[in-house]
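Novice: Spelled out, the chains give:
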Amino acid sequence: SETGLQFHEVLPRNGQVYQEDLPTTVLCKPKLMPLKSVTLERLEKMQRDAQETVKEQE
Amino acid sequence: MDPLFLAYSYFRRRKYEQCVELCSQLLDKNPYDQAAWSLKTRALTEQVYIDEVDVDEEGIAELIMDDNSIAQVARPGTSLKVPGTGQGAPSQGVRPMSQSGRPLTGFVRPGTQSTRPGTMEQAIRTPRTAHTARPVTSASGRYVRLGTASMLSSPDGPFINLARLNMPKYSARPNLAKSLFEYIFHHENDVRNALDLASGATEACQFQDWWWKVQLGKCYYRLGMYRDAEKQFKSALKQQDMVDTYLYLCKVYVRLDQPLTAVEVYKQGLQRFIGEASLLTGIARVYEGMNDMSNTVQFYKDVLHQDNMSIEAIACIGTHYFYTDQPEIALKFYRRLLQMGVYNTELFNNLGLCCFYAQQYDMTLTCFERALSLASDDNMSDVWYNIGHVALGIGDLTLAYQSFRLALASNNDHAEAYNNLGVLEMKKGRLEMSRAFFQAAFNLAPHMYEPHYNFASMSDKVGDLQSSFNAARRASDAFSDHMDSKQLLSSLRKHFAML
Amino acid sequence: MLVPVFTLKLSHKINPRMVAIGHYDGKHPCLTCATTAGKVFIHNPHSRGTRGGRMEASMDSDLNLLNINQAVSCVTAGQMNPETKNDVLLVGTQTNVLAYDVENNSDLFYKDTPDGANAVVVGNLGSIENPVAIIGGNCSLQGYDLEGTDTYWTVTGDNVCSLCLVDFNGDNQNELVVGSEDFDIRVFREDEIISEMTETEAITSLCGMQDSRFGYALANGTVGVYDKSSRYWRIKSKNHAISIHAYDLDSDGVSELITGWSNGKIDARSDRSGEVIFKDNFAQAVAGIVEGDYRMDGTDLLICCSVDGEVRGYQPAGQEMKGNLMDTNVEQETIRELSQRKQNLLLELKNYEENQKAANMDRPSGLGELDQQQMGIIPANTQLQTTLNVNMGSESQRPHVELFIATTNETIIQAVLIFAEGIFDGESHVVHPPTATLSSSVRVPIVPPKDVPVDLHIKAFVGNKNSSQFHVFELTRQLPRFSMYSLADPKAEIPLPKSNVTLTLNERINRVVMWVNQTFLLHEDIVSEGPLNLTFLSLRGSGPLCFSMEQSGQMTIRTDDMDLAGDVIQALATFLNIEDLQSIAEFPEDMETLRQVLVKVDEFHSVRQKLTAEMADHSNLIRSLVVRAEDARLMSNMKHMRQGYMELYNLNRDLINGYKIRCNNHDELLRCLKSVNQAIQRAGRLRIGKYKTQVINSCRTAMRSNNVSLLFKIMKTGSS
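Chains as they are written, first to last, in UniProt numbering: chain A, 1 to 58; chain B, 1 to 499; chain C, 1 to 720.
Accuracy of the hints is not assured; some may be wrong.
As the list claims (entries may be wrong) - Calculated pairs, DSSO-like style, for lysine-lysine (alpha carbon to alpha carbon, straight line, at most 27 Å):
(1) C:Lys111 - B:Lys238
(2) B:Lys169 - C:Lys600
(3) C:Lys39 - C:Lys600
(4) B:Lys238 - A:Lys29
(5) C:Lys660 - B:Lys169
(6) A:Lys29 - B:Lys267
Hints listed in this document are in silico derivations from the structure and should not be mistaken for laboratory results.
Extracted from the complex, chain A is given alone in its bound form (with noise of 0.2 Å):
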């Protein structure tokens, strides 16, 4: 996140010899799981519920 500070870089023009930029790979970030609303979990929970009692009757 921005900062209200910005800081500027002092590259050295003498003394640098070589730069190179690599090529980098990316992770994909940590995944914080949302919670389900009371409604959401009432409504798969009676899915889940019907499924079974079809499963049971056939």
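Chain A is already provided as a structure; the job is to place chains B and C on it using the hints.
Specialist: Only chains B and C this time, still in chain A's reference frame:
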């Protein structure tokens, strides 16, 4: 004890099955017993009752063939279809995006998992599992399935035969009509008959009863007749201010893709019901839909002022703090949830992540262990994926590798795990494997920029400039501000220009 | 020659008469037009620079389409909130009107308009504080303010076609000028009619010009300018005028009337004389004309659009071009026209000179009769007399008004030309009796279709039997308003009409008698002695019309035709200068018809609800089937796909049938609603002034609360 009294007692104690049984016995003895009939209806309804305000599922059909929104291309920042550039939010470089092009949310309700795909083909091809987008074919389909579910609850055939019901007779009986309506609407999910009953009842009480107007509005909403629903809700509001009516009315505006109008109406509701948490939550959700994170967080904080137990608010603010580089504060929020008694995989996973990034290393692994023990098949992969991240953080590449593999074992389609495995393989030098992993990742999740960029960078190193160029372009499409992919693209362009 | 300063070709068609321009963000004007498939597009070329860099600046990205999902019937934009400068877009369809804030993508209001929305205008009306959006529908006018509350409602005679706000009487407040399908222009000061002008066809467009002047266009190709209630000038064309606008094109300080025609022509006419000062051509019919500062350089341009999406903007001519806007071609044409006229005048002069010569010529045998006759010389004291009579007709002729033209001596009338508005097709009539029946008198039957006073301009050719030259006599005769009614024999037994209107006048009987003498065609004036009792028979066959009046001032008008009763009362009130008049109306047959209509309206409403719900359900089913079929196709499961599409085909057919039924239902409902509005209008016309407004407003409240008995009471007694 009088059997009817016993049945009521069961009803109040939420023992619906016993209540229904008792009532059926009473009705067998006397089929004209109105009290028993009414009680049985209500008990059956309560078994499958879901709060309609929260239900917002949009199927593929509604998303693609949507003629309700007025403006096809609204000004960014005024529409839910075109989430504007996040204001006050971290970019994709820090916060993972979901399929819908919005940052991963902290709290999920039925419907928020949906996406706005471009074409029908895209929509159908996207995998419909719990973690990626889940556009169900059509909302009405889900209601039909729910209806089937309720049919299973009464195996001897439906309690009330709707086809033979004399609607006008019941419309005129206020004591029976309301419970009958709820039964038809929630248990049978038969909107047409419900609408008939509601229209009859409204006329019978000469349009004086606000409750019937709200029910009419709900029926119209289910049928997709949003303007009629709007009219009914507004009329009900004129008669009687109720929080629920405001909530339903704003749902209509959200469907019509008029988020600013919805916020206006919520604010009007807030003037009548000062500090009502559900209205504040509504505003926060709308802003989240428009990708306006600063307002979202502001309003969720207001919600917490009023109702400091709102799981939704706490979860969303926690997520926001985590991704804006303040994991310690996020940790506080998630601990509060734990204190409140929330005890599930998601919470422990989040606690684990926050502990790790807040440098409370002692707690990290115990949290993840709890998360794993509570996890179901759907959730397992995400937990393992995050454990992999922790492993990477402590430098244990073997553990990381194993964790990502385990994530894949529970969910073969976990795109992020593929991507990170690809990165690990590259570190080990096995370029072919990493290429395969990256390809798998971006095929599964074309909205993520990381696998595209990685593939591009790797192809560039190997010398396959054409695929590198295509991949870099895709990465740029997914995340336009990514400096590295832009640089790669420009250098490749220069290269091709020279040829 | 004025060239357009910019031309655009938009990729959408434009519906005629649905063009507007609005400053939705308060600053930049955007052209807004209704196009096919129930959409409205907004053209915004100003924000190209401010959008994200990756969008190409193509024509299509300037167009923002809005889904209205119904055929649009009128579009306008205007400022409704006095605090912000953002214009609001108003879109009217047959069943609703939407007020939309384009900037914020939100509705201001979305209202049902059961009477349809044929025309809409936004602005300040009368003394109403905030700007209102006024929608003209089938026989009704409804006004909404910014929040959607209806602050204004009144009925008018017929379907409204066009509206404009003009300061008609110079009181610094706008009056509403309404053009209807029944050929009338009515001017409303809020909900009271202060002026009514009759034209010859439906008034399709109105536009305000300077001060109290306004331009109008009719469905038969007439365009003209009114100044208050008198017509300044008009022109006729065989093309239809689609759109009119006032704009000062030649920078002379006075707006010209710019007209866009159905053949693609645009012309600008001076508002004083109607002469054309500028012309241009489009490839297709013109759709609309607006004005706005489209190039954001400070000058308002005149923007014209055609139906195929071509848009041109014109700048007002610089001062030096004043009066020279026309092509040189047109100047040459003018010269040719003038020289033609010169020729005609010279010919006329030659005829006179010859006549003079013949009169002065000395022939040895004197001038014979034959010669004289050939010259067309007629006695100097010849006069042309005209009388108007009611002719009850015979088996071969319908009852009509007869115009009898005769000369005072033996000279004959060779031909008669009559010019009158509204009576003859093409506004003129020529009677040319065959040579065998030439005489000194001619009878012309005239059948005026409506009860309005008409001026007949008569030109008769008078001469001798063998003349080749004729004298032209010109005179004007006014046809009184109620000329299609003949006085019945007082002794004849005529059954009294069942319906009547009773009112009380503060006038003496002989004043009323004076009015009768003026507005009816009578052989001899009636003299008043004691209470009045007159019976007239309508030549159009709508039954008898009886007047009876007592010395006390109480008057009863008996007729079964409610419209006629209204006409009579209005005419009487204008003559006697009455400002307010209440009356009691007994029209049992009309009330019965109205009652039945109201029952039907209720039925239609409930059927409509059911049909709408059915259709919504069907559409949902169809949507899910389409998705499933696509799914099957993508999985290459052709059998399922075909099944899916077959089901879809059947469902689609059902949906279309349902829609057709709904359409029919809706049409019937509209017709019934229109007749209800007309009934209220008729009831209103039986009163004058504030009683009329009261009746209309109370009727409306009764209708809204569905109180039918109250409605009938108001129509009968004039108050609740």
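Novice: Now look at each hint and say whether the structure bears it out.
Specialist: So, going through the hints one by one against the coordinates:
1. Restraint check for C:Lys111 and B:Lys238: satisfied, since their Cα atoms lie roughly 15 Å apart, inside the 27 Å limit.
2. With a CA separation close to 23 Å, the supplied pair B:Lys169 and C:Lys600 stays within the 27 Å bound.
3. For the suggested pair C:Lys39 and C:Lys600, the alpha carbons sit about 33 Å apart, so the restraint of at most 27 Å is broken.
4. The straight-line distance between the Cα atoms of B:Lys238 and A:Lys29 is roughly 49 Å, outside the 27 Å bound, and the hint therefore fails.
5. Distance restraint check for C:Lys660 and B:Lys169: the Cα-Cα separation of roughly 31 Å exceeds the 27 Å cut-off, and the hinted pair is therefore not satisfied.
6. Pair hint A:Lys29 plus B:Lys267 does not hold up; C-alpha atoms about 36 Å apart against a cutoff of 27 Å.
Hints 3, 4, 5 and 6 from the list above are not met by this structure, while the remaining hints are.
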